[in-house]
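Peer 1: Kindly generate the complete structure, drawing on both the sequences and the hints.
The opening position of the sequence shown corresponds to residue 771 in my numbering, with each subsequent residue numbered one higher.
A couple of the hints might just be wrong.
To be verified - Cβ-Cβ distance ranges computed for the label pairs, FRET-style: (1) LEU783 with THR806: 18 to 24 Å; (2) SER800 with VAL820: 27 to 33 Å; (3) SER800 with VAL775: 33 to 39 Å; (4) SER823 with THR784: 18 to 24 Å; (5) ILE791 with VAL819: 17 to 23 Å.
Hint data in this document are derived by calculation from the structure and do not stem from the laboratory.
Source: prediction; values computed, not measured.
Glycine included, every Cβ here is placed at the ideal spot set by N, Cα and C.
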Amino acid sequence: MAKNVPFSSGFMLTSILGFLISVLFVMKISLTWGFTFALMFVIMFIASVVNMSHIEAEDVLSMKELAVHEKGHYSKNKPKKKK
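Peer 2: In structure tokens, the structure reads:
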């Protein structure tokens, strides 16, 4: 079975913003191009939602290593400097 690589959050953000720009601005200029771009960004959004639902438990656990708040360089209680 092939491993799934999750899309970045920027991919979903691009699809949402692209859809809004297509509907609000491009459709005023050209209905055909506006519809085409809106359809493309809807397909991108659906692909990102489907991709998120295919993340397996082992992938989620391995992605925990990427979390910034789990790293040792960040802590709420900063150690005091030694004199």
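Peer 1: All hints are to be evaluated individually against the structure, with a verdict given for each.
Peer 2: Verification of the supplied hints:
no., hint, result
1, LEU783 with THR806: 18 to 24 Å, "holds (20 Å)"
2, SER800 with VAL820: 27 to 33 Å, "holds (30 Å)"
3, SER800 with VAL775: 33 to 39 Å, "holds (35 Å)"
4, SER823 with THR784: 18 to 24 Å, "holds (19 Å)"
5, ILE791 with VAL819: 17 to 23 Å, "holds (20 Å)"
Against the hints set out earlier in the document, no violation occurs for any number.
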